[in-house]
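Under UniProt numbering, the very last position in the sequence shown is 259; numbers go up by exactly one each time.
Hints in this document: simulated from the structure, not taken from any laboratory. Quantities reported herein were computed from a predicted structural model and do not represent experimental measurements. You may find that some hints are simply not true.
[To be verified] For each label pair, taking beta carbons as the anchor points, the in silico distance ranges come out as:
1. P133 x G86: 31 to 39 angstroms
2. A229 x R194: 18 to 26 angstroms
3. A229 x P61: 36 to 44 angstroms
4. G148 x Q221: 17 to 25 angstroms
5. T58 x D214: 34 to 42 angstroms
6. E84 x N225: 29 to 37 angstroms
[Unchecked claim] Straight-line C-alpha distance at most 25 angstroms; calculated SDA-like pairs for lysine to any residue:
7. K146 x S218
8. K147 x S245
9. K89 x P133
10. K147 x R194
11. K146 x P133
12. K211 x K147
13. K89 x R126
14. K88 x S101
15. K147 x I87
16. K213 x P228
We put the beta carbon where it would ideally sit given N, CA and C, even for glycine.
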Amino acid sequence: MWSRTGWANRRRVHCFSSPTYANMNSVVARMPAPMNSSRHFSTSLSPSTTTTTTMQATVHPLRNTWVFWFRQHRAPGNKITNYEEGIKKIAACSSVESFWSLWTHLNPPSSLLPTTDYLLFHSGVRRPVWEDPLNLSGGKFIVRLKKGVADRLWEDLVLAVIGDQFDEVAGSEAHINDAADEWPEICGCTISVRQNEDIITVWNRTDGDAKVKDRIKSIIQRALNLSPATTMEYKSNNDSMQDKSSFRVPSAADRTPLS
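All chains, please: the whole structure from these sequences, using the hints.
Here it is in structure tokens:
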């Protein structure tokens with residue numbers, strides 16, 4: 001069972017510290033324990049932390065609804081002609097409870113076969129591809145990881161995204177949908193498991209605003225506790241469509257210096 005005490009004391013509790021969720025730390029600490037435990041924290045559950053039926057029935061909504069997608073493994077040489085053919089929707093999460101219920105049942109990146117991706121995108125993104133209307137004018141930040149650190153950093157990144165850590169980022173234009181709701185600048189994030197490295201990305205809506213991109217980069221560094229020396233690439237979705245590639249071929253110097 002999940003240790004709520006462990007969650008309350010973990011250093012990444014700031015992921016739910018936006019003004020709207022000022023009390024989210026205590027909310028998450030009290031929420032019902034998922035069936036499986038987190039892969040990074042204590043799995044013990046003391047009798048004093050047992051929740052009541054009333055607490056189990058409580059739902060704590062996220063500010064936005066987020067959708068998990070999965071891009072299936074393909075054998076070497078078996079290239080999928082249409083990228084979208086390999087993308088499968090897993091589930092949508094609109095509350096703290098629904099997120100943890102799903103998250104604790106997902107296999108960690110370290111257990112996935114190479115050439116497999118997890119994708120988490122705002123529900124307004126119909127398909128997690130470059131051509132989607134919400135992605136079309138944006139791009140993505142790319143961090144290449146040495147093998148062995150992806151599980152922790154992917155969890156940190158997902159919590160930062162759904163926990164509104166990027167809310168301080170605002171584009172040069174307001175993004176309002178038909179329901180008069182403002183779209184966030186962050187469209188989503190992904191992790192790509194490859195043979196010799198893992199790659200995490202953060203997708204944003206606004207490619208041309210340098211100040212916005214600088215703020216996003218700073219938040220990524222803070223949320224993942226990255227060294228200032230960490231190499232972070234940026235590639236516009238327009239460039240990706242032109243060269244039909246998500247990632248530039250890295251040199252040895254492009255690898256993220258994490259241990």
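Structure-based check of each hint:
no.: 1; hint: P133 x G86: 31 to 39 angstroms; verdict: 21 angstroms, violated
no.: 2; hint: A229 x R194: 18 to 26 angstroms; verdict: 22 angstroms, holds
no.: 3; hint: A229 x P61: 36 to 44 angstroms; verdict: 39 angstroms, holds
no.: 4; hint: G148 x Q221: 17 to 25 angstroms; verdict: 20 angstroms, holds
no.: 5; hint: T58 x D214: 34 to 42 angstroms; verdict: 39 angstroms, holds
no.: 6; hint: E84 x N225: 29 to 37 angstroms; verdict: 34 angstroms, holds
no.: 7; hint: K146 x S218; verdict: 21 angstroms, holds
no.: 8; hint: K147 x S245; verdict: 22 angstroms, holds
no.: 9; hint: K89 x P133; verdict: 18 angstroms, holds
no.: 10; hint: K147 x R194; verdict: 9 angstroms, holds
no.: 11; hint: K146 x P133; verdict: 33 angstroms, violated
no.: 12; hint: K211 x K147; verdict: 32 angstroms, violated
no.: 13; hint: K89 x R126; verdict: 11 angstroms, holds
no.: 14; hint: K88 x S101; verdict: 19 angstroms, holds
no.: 15; hint: K147 x I87; verdict: 24 angstroms, holds
no.: 16; hint: K213 x P228; verdict: 16 angstroms, holds
The structure fails hints 1, 11 and 12 (numbered hints given earlier, in ascending order).
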